[in-house]
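Please construct the entire structure, taking both the sequences and the accompanying hints into account.
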Amino acid sequence: MKSLKILSLTAALLASSAAMAADLRIALQDDPDVLDPHMARTFVGRIVFTSLCDKLVDINEHLEIVPQIATEWSWNDDGTVLTMKLRDGAVFHDGAPIDAEAVKANLDRARSDPESLRKSELASVADIKVVDPQTIEITLKAPDAAFLSQLTDRAGMLMSPASFANNPGQNPVCSGPYKLVERVQNDRIVLEKFPQHWNAANYHFDKVTFVPIPDSTVRLANLRSGDVDIIERVAPSDLPTVESDSSIKLASVTGLGYQAIEVNMANGAKADHPLGKDARLRKALDLAIDRDVINEVVGAGTYTPAFQAFPPASFAFNEEIGAQKRDVERAKHLIKEAGYDRVPVEISYGNNTIMQQVFELVQAMGAEAGFDITLRPTEFAALQSALKAGDFYVGQSGWSGRVDPDGNIHQYVSCEGGLNDMKYCNEEVDRLLNAARATSDEAERKKLYDQAQVILQEDMPVIYLFYLPWPFAHKATLEGFVPVPDGMIRLENVKFAG
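For the sequence shown, the positions run -21 to -1, 1 to 477 when mature numbering (1 follows the signal peptide of the UniProt record, and there is no 0) is used.
Bear in mind the hints are in silico, worked out from the structure with no lab data behind them. C-beta: ideal position from N, C-alpha, C; glycine also. Any given hint could be a false lead.
What the hints assert, rightly or not - Using C-beta positions, here's what the derived DEER-type ranges look like:
no., residue 1, residue 2, range
1, 54, 148, 32 to 38 Å
2, 54, 342, 47 to 53 Å
3, 164, 299, 18 to 24 Å
4, 185, 423, 49 to 55 Å
5, 112, 325, 21 to 27 Å
6, 224, 94, 40 to 46 Å
7, 216, 160, 32 to 38 Å
8, 364, 141, 24 to 30 Å
9, 294, 58, 25 to 31 Å
Said to hold, decoys possible - Only pairs whose alpha carbons sit at most 25 Å apart, straight line, appear in this in silico DMTMM-like list of lysine to aspartate or glutamate:
no., residue 1, residue 2
10, 304, 437
11, 172, 185
12, 454, 40
13, 311, 437
14, 249, 370
15, 304, 161
16, 120, 423
17, 256, 370
18, 83, 51
19, 402, 438
20, 64, 51
21, 249, 320
22, 474, 161
23, 98, 308
24, 304, 257
25, 425, 298
26, 64, 78
27, 249, 339
28, 120, 406
29, 249, 406
30, 172, 40
31, 120, 409
32, 426, 409
33, 425, 407
34, 315, 351
35, 426, 437
36, 304, 347
37, 402, 325
38, 402, 358
39, 98, 57
40, 256, 308
The structure is reproduced here in structure tokens:
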């Protein structure tokens, strides 16, 4: 009898362990903004979307474009018509079929809705035609070398068209392996497995919960205590702790994006400030910042200094721009030339521990050159709303990066760019960036990007700080997690051991 009770208790414990293993908790650095891929702008939102919303195509760890809802695709001879075959039997979370009509409705909304942030990503689209229920034809105004890569992110994400009128930012009805069941702002986002997903057999968690924990030390403490299973953006200072703890594993990859500072130049009343009006002052702030110190003090050697939108691995990277150094005397000269002794600056940034350290260093460096910098820490999603509305003078600008260089620059600095919070506009920059889209010749594209960067270095609407690594950490018992340079957390084939 006693043996039977022990066996029953063991079975109960194993069942409990299996139930616990069916749930996954992921700690994010920030709380996402709206959960509508056409309107959203946060990096952490993209992490949630990776489980919530399928895309037409995706990328893998080798940065190759791979099928998702589109299983195959082809271009016509002049590169202006893209024909995509769609996956048979795929459905949205409301059971509606993911067919060509639904894809057309999503692309049309993303490129035409007044509030869409994807319009500039899809600006080259001239027409979308439903060929048959599983075939869609996208005609471009001109060849666009970056277009297919745009569909690997939010521009290619798919929601049920029936949900468009039902506040999808709060009530998304998407297409991914998990569907939304609950969101509590600044506390948690809870997804549950969608059994009808076309690839459901390769997703092994019944529930996935995302929790925002802005403090990197607290994030790691939650992982080590077992309260969460994966954390993103391990603080560089915590890397030795992760590597010495056998109960957790580090999974790191070099990213495609950057952290930067953007200057409000024409977005509302707050554009009326010294840096917004005078490029010499923007250049002076750029010269006042020592990226090497940021790399050493905050990044522990992992924050490669950045002076441009393109990472060193990109064919568009310009080595000459990447060789700049701090020059306080030159910064002081430019400030005096602009007619100032001291320049007041307010910088808005996301209130997590890493960015606080970065901008406190920027504040101290700027003071040496003649800038009186005040810092305005803001909850991250609120910061995104403030940037869009022009409620900032100078603001943190972070971008997780894209496979094609166009994705790192066009929507930020083109006149009608969907993420151009600064409202910077230079018609020659637009011409060069649009021309770079229109050719697939890498050498020609690089020449065009180099020419655009000469102008951007003079106008200095964006001050780049460092390139982003993506250091993840997870429980040692978690198997199958592969970090990808876009920084997303993909859960296909991820499960607990045993």
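Discussion item. Tell me if the straight-line CA distance from residue 98 to residue 308 falls inside 25 Å.
Written reply: Given that 25 Å is the threshold and the Cα spacing comes to 42 Å, the pair is violated.
Worksheet item: Within 25 Å, alpha carbon to alpha carbon, are residue 304 and residue 161?
Response: 48 Å, violated
Worksheet item: Taking 18 to 24 Å as the hint, is the beta-carbon distance of residue 164 and residue 299 inside that range?
Response: At roughly 45 Å between Cβ atoms, residue 299 and residue 164 fall outside 18 to 24 Å, so the hint is violated.
Worksheet item: Taking 25 Å as the top limit, are the C-alpha atoms of residue 311 and residue 437 close enough?
Response: Cα-Cα ~17 Å, so holds.
Discussion item. Quick check: does the Cβ-Cβ distance between residue 224 and residue 94 fall within 40 to 46 Å?
Written reply: Roughly 44 Å apart at Cβ, these two residues keep to the hinted range, so it holds.
Worksheet item: Are the Cα atoms of residue 64 and residue 51 separated by 25 Å or less?
Response: 5 Å, holds
Discussion item. Check the hint pairing residue 83 with residue 51 against an upper bound of 25 Å on the C-alpha distance.
Written reply: 17 Å, holds
Worksheet item: Under the criterion that the straight-line Cα-Cα distance not exceed 25 Å, is the pair residue 256, residue 370 satisfied?
Response: 16 Å, holds
Fill in: Restraint status (C-alpha distance of residue 249 to residue 370 at most 25 Å)
Distance ~6 Å between residue 249 and residue 370 Cα, so the pair holds.
Fill in: Range hint 24 to 30 Å (beta carbons of residue 364 and residue 141) holds or violated
27 Å, holds
Discussion item. Assuming the hint says 32 to 38 Å, is it satisfied by the Cβ distance from residue 54 to residue 148 or not?
Written reply: 34 Å, holds
Fill in: Restraint check for residue 120 with residue 409, where alpha carbons must lie at most 25 Å apart
16 Å, holds
Checked against the numbered hints given earlier, the structure breaks hints 3, 5, 9, 15 and 23 and satisfies all the rest.
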